[in-house]
Amino acid sequence: MTESGLRSGQLADAAGVNVQTLRYYERRGLLTSPQRSPGGHRLYPSESLTLLRVIKTAQRLGFTLTEVADLLDTGRHHHGSRPDRGLQTRAGEKLVEVEQKLADLTVIRDTLRAAISAGCDDLVACAGSPCCPLPFAELAERNDHADHC
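Going by the UniProt record's numbering, the sequence shown opens with residue 1, and the numbers climb by one from there.
Derived by calculation from the structure, the hints in this document are not laboratory data.
Since this is a predicted model, take the numbers as computed values, not measurements.
Do not take every clue at face value.
To be verified - Quick list of in silico lysine to aspartate or glutamate cross-link-like pairs, EDC-like style, CA-CA up to 16 Å:
# : residue 1 : residue 2
1 : K56       : D70
2 : K56       : E26
3 : K94       : E67
4 : K94       : D110
5 : K56       : D13
Could you build all of it, start to finish, from the sequences and the hints given here?
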């Protein structure tokens with residue numbers, strides 16, 4: 001780190017991202033444009049490292065970059081009121097999404113285990129068999145119902 005900030009490569013390395021990610025985050029408004037050194041190098045304030053870690057953690061929690069930008073914006077503009085309200089609401093909504101994905105993945109896992117146990121080897125042959133554990137008949141019924149609606 002220099003006296004006036006972190007250069008792009010230093011910040012990227014410390015945050016575990018690449019320099020192109022920094023530039024992309026700048027274009028998206030997640031990072032403010034850095035100052036420049038007399039030699040033209042970008043110099044990011046040390047707080048940028050914390051911000052990058054927050055962004056990457058939020059992404060790992062399932063938030064999109066648009067959602068992260070909204071959360072950051074809410075936090076920046078609501079320091080006088082309850083800044084956690086936006087996070088609380090959005091985290092609750094994200095939790096509902098994650099729980100639904102887990103339920104969907106559980107069904108997929110159980111169906112794949114059943115297909116392996118049943119010895120399914122050919123999708124077309126399996127689709128015609130009444131003992132096939134894959135939901136071909138259920139999907140066909142849904143499509144037929146959708147076609148008639």
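Open item on the list: For each hint given before, does the structure comply? Return the numbers of the non-compliant ones in rising order.
Closed with: 4
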